[in-house]
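Student: Read off the chains here:
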Amino acid sequence: MRLLNDLLASLRNFVSSVGALSIFFVRVLGQVPAALLKPKYVIAQIHNAGALSLVIIMTCGLFVGAVLGLQGYDLLQRFGSEDSLGTAAALGLIKELGPVITALLFAGRAGTALASEIGLMRATDQLSAMEMMAVDPIRRVVAPRFIGGVIAMPLLSAIFISIGIYGVHLVGVQQLGVDPGSFWSQMIASVEAGDINEGVLKSCVFGVACSLIAVHEGYTAQPTAEGVGRATTRTVVISAVLTLILDFMLTAVML
Amino acid sequence: MTAPVGGRGTPSDGGSPVDNLVEITDVHYSVGGRSIFSGLTIKIPRGRITAVMGPSGTGKTTLLRLMTGQIRPDRGHILVDGQDVSSLSTAELYRLRRRMGMLFQNGALLTDIDVFENVAFPLREHTRLPESLIRNIVLTKLQAVGLRGAWSLYPSELSGGMGRRVALARAMAMDPDLLIYDEPFAGLDPISLGVILRLVKQMNDALGLTSIVVSHDVDEIATIADVSYILSAGKVVASGAPKALKESDSELVRQFMNGLPDGPVAFHYPAPDYREQLLSGDD
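So the sequences go chain by chain: A and B.
Read in order, the letters of the first sequence are residues -7 to 247 in our numbering.
Read in order, the letters of the second sequence are residues 18 to 300 in our numbering.
Looking at chain A on its own, in the form it has when it is part of the complex:
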């Protein structure tokens, strides 16, 4: 009986959390047009979430591509089809690895930065000060950061995929001797617009999800050092889990 009560209480908490997040999402969406009217704040946030994440995205992209090259070559050569390495790697990167790993890295770098920044603004009364100056913090602080994250994610994903393909090429073609002509021609012939659309759609959805979680956790953080720390941790955990769940759902729908 107690177990059932606990279960019901957890379910109630979950439903109320999802409800609060949905209401927050609607509030943010309502302020997006107003935030876009002051593009300099949005551009600054694209820089914060995007440009400042470039090094980690490019480094990880290169090594993920290199590993993909090694594993792909090992697997494909068993069937004598190592010339298909370009196709296999490109499809893997464009449809799955690019959007998903970019989202996970984004949650760890930009998401935590967003959550802790907004959480600290809450803890130091900056958000209350804005409200007292009759300025809606959702419009001035949250919406530009949300938009910045949503725009940055597909761009980062595209860069991750490009560098990843370069990594595959570096290992597969330059080190293991896959024929460069076959590598590129098979890739070009096999990758269709639909595959790219799938990757773009996924990274856009992940951009919305990860940015929303980050700004929501920061905005609702307890105004203490512990509260901001917890919000930062929750941002990474929830974003990562949500990204993988959404990835499964999107893949199931689009396959």
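Do not take every clue at face value.
Stated by the list, open to error - Partial chain B-side listing against chain A, Cβ under 8 Å, derived:
{"hint": "1", "residue": "Arg63"}
{"hint": "2", "residue": "Gln87"}
{"hint": "3", "residue": "Met117"}
{"hint": "4", "residue": "Met119"}
{"hint": "5", "residue": "Phe121"}
{"hint": "6", "residue": "Asn123"}
{"hint": "7", "residue": "His143"}
{"hint": "8", "residue": "Thr144"}
{"hint": "9", "residue": "Arg145"}
{"hint": "10", "residue": "Gly204"}
{"hint": "11", "residue": "Phe284"}
Derived from the structure by calculation, the hints contain no laboratory data.
Treat the numbers as computed from the prediction; the structure is a model and nothing was measured.
Beta carbons are placed, not taken as given, at the ideal position from N, Cα and C, and that holds for glycine.
Given the coordinates of chain A, work out where chain B should sit on it, guided by the hints.
Tutor: Relative to chain A, chain B alone:
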């Protein structure tokens, strides 16, 4: 620094009947079942400096949040310039807040922009003034608090006292009718404290503002306040001119005004019997 150019009368000058800018009537407010206010009534006269004092945890900051509509009372009325704050829509509340300035305890400056932009912030958000005019207004406000030369510094480069002066300049940027100070003297060195104290008085008198100051610094606030309220247990326990409060018969008021460690506000947090607890060996 801006020199005082006169001001409105004090309660003792025998002028016209006092007109209240803020009227709080029979306000009840509780959080999580714990009552913070139970029948609080306060009147803030227009054009004066009103001090709100009381032991820690009596809800002074909560009172400011009620007055500014950040939270709503369970019962009672809070009228600011005739408008019931608790019944206003968000848009109406924001319109009212444009006529209020608030100085937070830690300044609450926006840390990602410099001093100039902090003071310009409300002007840029609420007006379409040309840049040259914004520049002049900001420099005027900074000059009034003595920090025109610090316009390009970031909040992290300011001392506590300087930060509060910049926050005061920002609170004045829209020329409000009401300025609210939440613990403006807390943690300041004597020089900074004296500067803020003088600024509160001068701004109030020179600009014809109404000021509400929440503070523990009894001696300092007594030098500038026209009226003081002392809160305890969710109610006003004493009010009047600070000098009169110092001579009050009430034990609580005397304890508070003279900073006595024990009295109606006990030194010891409620606990079981000391001897019994020591001998029992339990926690």
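Student: Compare the structure with each hint and give your call.
Tutor: Evaluation of the provided hints:
A hinted interface residue such as Arg63 (chain B) counts as satisfied when its beta carbon comes closer than 8 Å to some beta carbon of chain A; here the least separation is about 20 Å, so the hint is violated. At a threshold of 8 Å, the smallest CB-CB gap from Gln87 (chain B) to chain A is about 7 Å, leaving the interface hint in force. With its C-beta approaching chain A no nearer than about 7 Å, Met117 (chain B) sits inside the 8 Å limit, and its interface hint holds. Given the 8 Å rule on beta carbons, the hint for Met119 (chain B) holds: about 4 Å separates it from the nearest Cβ of chain A.
With a least beta-carbon distance of about 5 Å to chain A, the hint placing Phe121 (chain B) at the interface is held under the 8 Å criterion. At its closest, the beta carbon of Asn123 (chain B) sits 6 Å from a beta carbon of chain A; the interface hint therefore holds under the 8 Å criterion. For His143 (chain B), the interface hint holds, the least distance from its beta-carbon to any beta-carbon of chain A being 7 Å, beneath 8 Å. Proximity of Thr144 (chain B) to chain A is violated relative to the hint, the smallest CB-CB distance being about 12 Å (cut-off 8 Å).
Because the beta carbon of Arg145 (chain B) sits about 12 Å from the nearest beta carbon in chain A, more than 8 Å, this interface hint is broken. Against a cut-off of 8 Å between C-beta atoms, the interface hint on Gly204 (chain B) is violated, since the closest Cβ of chain A lies about 14 Å away. Taking 8 Å as the C-beta cut-off, the interface hint given for Phe284 (chain B) is violated, the closest approach to chain A being about 27 Å.
The structure does not agree with the numbered hints 1, 8, 9, 10 and 11 stated previously, though it agrees with the rest.
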